[in-house]
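A.B. asks: These are the residues of each chain, in order.
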Amino acid sequence: MSETKTILLVEDNPDDEELTLRALKQHNILNEVIVARDGAEALDYLFGSGFYSGNGPAQLPELILLDLKLPKLNGMEVLDRLRSETRTRLVPVVVLTSSSEEEDIIGSYERGANSYVRKPVSFNQFTEAVRQLGVYWLLLNESPLQRGS
Amino acid sequence: MKALFMTRYAAIVAAYILLAALWILVSNLAISTLSPDLAVRIQWHVYRDLLLVLVTAVLLYLLLRRDERRRHRAETARQRQEAAFKALVEHAPDLISRFDREYRHLYVNPMVRQITGLSPGDLIGKTNRELAMPEALVVEWEEVIEAAFRTGQQQITEFEFPSPGGDRFLQARLMPELADDGSVVSVLSVVRDLTPFKQANDVLHQWAQIFEHARWGVALEDARDNTIVLYNPAFARMHGYEQDELIDRSVFTLYPPEAHEQLPGYFERTHRLGHFGFESPHLRRDGSTFPAFIDKSTITSSDGRVLYRIVNVQDITDRKQAENALRESEERFRLLADVAPVLIWMSDPSKQCTYVNQRWLDLTGRNLEQEIDQGWLENIHPDDKGERWQVYSNAFDARQPFSMEYRLRRYDGEYRWLTDDGGPRFTSSGDFLGYVGSCSDVTERKRTEEASRRLNELLEQRVATRTGQLEEANQKLEKKVTELQALEAELTRRNTELEATTQELESFAYSVSHDLRAPLRAIDGFSMALIEDNYAEISDDGRRYLQRIRAASQRMALLIDDLLKLSRVSRTHLDVQPVNLSHLADTILSELQERAPQRQVELIVQEGLNVAGDTRLLRILMENLLENAWKFSRDRAVTCIKVGALQEDSAEEVYYVRDNGVGFDMAYADKLFGAFQRLHSEREFSGTGIGLATVQRIVHRHGGRLWAEAVKNEGASFYFTLKKGEERE
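Chains E and Y are the protein sequences, given in the same order. The opening position of the first sequence corresponds to residue 72 in our numbering, with each subsequent residue numbered one higher. The opening position of the second sequence corresponds to residue 402 in our numbering, with each subsequent residue numbered one higher.
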């Protein structure tokens, strides 16, 4: 299970990255987590370009946790790319961000985000949110990918 | 006759035989007694016989002579008669002819020349067919002649014959002439020319028709005894009598008694003049009367005596009614004209005035005789007279309506202005009758117009003066406006700058708010990690400090969120729509109640608070106010929150949110709406101090006002207004 179902975390803030990983671990979500520190890196990983060019296209992750405020390419631009490619069109993407601005929420959903979660400041609430995400997207949700391939 | 003759002759012969025989017997007896001697007796017998012969011879002679004389007389008479007959036939006014069995003319009298143009010699021995008479005539004649031959009866036929002098109407009588054996040997024809009778008869017949069918009653009266001789059906109908019923009745029968007295006079005049007409009521058989026009003319004898009167009677009921109607109509017109509030006049086709109404006479103080013809012109103002007469006259000649004004002298000498409208009058058949017109006294109107004109002039003058002043002021004003426009341009420029600055500030606030949250999350998260991972190594105080760090970071996150909300209020575009404030308040209050179901509350929300505003912002506004009310009244046994609108007459609605909470000191009321301003310690009531600042911004964005009233420990009231329907950025 853990070998096949990976999670791609796109997060530039190392604090948030570590806290996210910690929260996942605390709730026994043991899937492999690949971390991309900016939008470009995330796309490189998914399409086997740039830093990942030697590897060829990677196996698609089961879930992508995407921050919006990112260096180079921001989260919206990453979403646009993902949804325009046939291969990545159906990958579940959960936007995980500090912003609760209406335009960010609507913009994300318009670009094909499957879910939008605001990172709470309280770590207790944060781990709870991560736990629910994991349970929902990795266990409960029927992914279109397995059926498609 | 023959038989009679025969009888006479037989009687004479018988008498002779009787006398002769008696003589012989008596003489024989006497002779026998005279002498016994035979010889003597024979002698005597001879004498006697000789005497008989002598007497017989004398008688014979006398007889023969008488017959001869008779025959001679008869022959003479016959000859005379024949000559007379011939003369008669030859000179008869009729055409006389005789036909034989083959329809040939045996005899024709000279009259034939007049009818056919042929002489008798041309006809004799010929048939009509041979004479080339018209075929129809030939056939008809042959039939008639044949009928006379066959039946032995007289035949009569009438026919038209094309004579050289024109068609003649002829009547023929055909008489069969019989032989001794009763057979018809010839037919005698007598043709009479009836043309003159026929023509006279036709004329008579036509007259009779006219008489019979005349619509007027026509009668003939005997002038000598005043009786009715003859009358036509119209006359009978008119009077309700049967035909012939009135004949020989007195003329007076037809007149009601009150008219009788007049009649002899009328008759006398008729006789004297030969013709006379008069109107009189006529009496019907049933006693009713009708108005009649009676026309009588006389028929006189050759010596001049009046024999008859021809009478024409016309029922003039309709005419009388029409006359009455006309009279009434005229009376009505005069009455109307006299009571009308205007002056009315009429003129005849020669432009002469024929009538003015009483109102006119009242005005001029003159009588009708003075006004008619050209009299009315005398009172027209001398300055108006010529020209106005021309207007009237020109319109009159063109048969056009006209309208004019002139001055007419009143009875007191004052001239009054009249407006006169006239138009042509026509009969229903289009004959021109003249003009009719009406005038109104417009003196007062004229005066008003004059006054008005003067006033206008005055006003125009004033307006001109004032306009000059205004123009001067206007120029000054324009200069000021130019200055103001320059100022406004400057203001716009500054405003743009300000907007840019505000924009910058707000995007700054936005990104700072975002970026501030990440470190807070780290502080809280790692503090938590520390507590969880190194619980045993940290002292109680250390753990407490870490908890304080976490609390502080969460409070800061709250502050940042509120700041974001505040900045969002300013940044959001205002979308004004109808909003039900009551509904909004109910929703928020029920959410609050769900969060603290244990609290005793009395919530009163006035229904139907309908406003115009941005739904989202108004929701934030109400959330802040109601959350405050909820928060500051939490220590009351029964929380009482009221939402409503003030019942005031002012143009704007004032809405309020009222609680029975701790209230505040009115001395600090001015600090209430500043950002981060708090009137209660964090220890007493949690809060960031940004809520009311947000409320104020929302109210201001809606163009309204916000204020608060409070009594410490008794409660607070927040009032706000919203400018309806107008978007404010």
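Among the hints, a few may not be true.
[Unchecked claim] Listed next, the in silico DSS-like pairs over lysine-lysine satisfying Cα-Cα at most 30 Å (straight line):
1) K143(E) with K966(Y)
2) K1124(Y) with K1043(Y)
3) K96(E) with K143(E)
4) K140(E) with K76(E)
5) K966(Y) with K140(E)
6) K847(Y) with K752(Y)
Keep in mind the hints are simulated off the structure, nothing from the lab.
A.B. asks: Run every hint past the structure and note whether it holds.
C.D. replies: Status of the hints after comparison with the structure:
1. At most 30 Å may separate the alpha-carbon atoms for a hinted pair to count; K143(E) and K966(Y) meet this at roughly 28 Å.
2. For the hint pairing K1124(Y) with K1043(Y), the CA-to-CA distance comes to about 22 Å; that is within 30 Å, so the pair holds.
3. Taken as a hint, the K96(E) and K143(E) pair is honoured in the structure, with Cα atoms around 29 Å apart against an allowance of 30 Å.
4. At most 30 Å may separate the alpha-carbon atoms for a hinted pair to count; K140(E) and K76(E) meet this at roughly 26 Å.
5. Restraint check: the Cα-Cα separation between K966(Y) and K140(E) comes to about 20 Å, which is no more than 30 Å; the hinted pair holds.
6. For the proposed pair K847(Y) and K752(Y), the alpha carbon gap of about 29 Å is at most 30 Å, so the pair holds.
The structure fails none of the hints (numbered hints given earlier).
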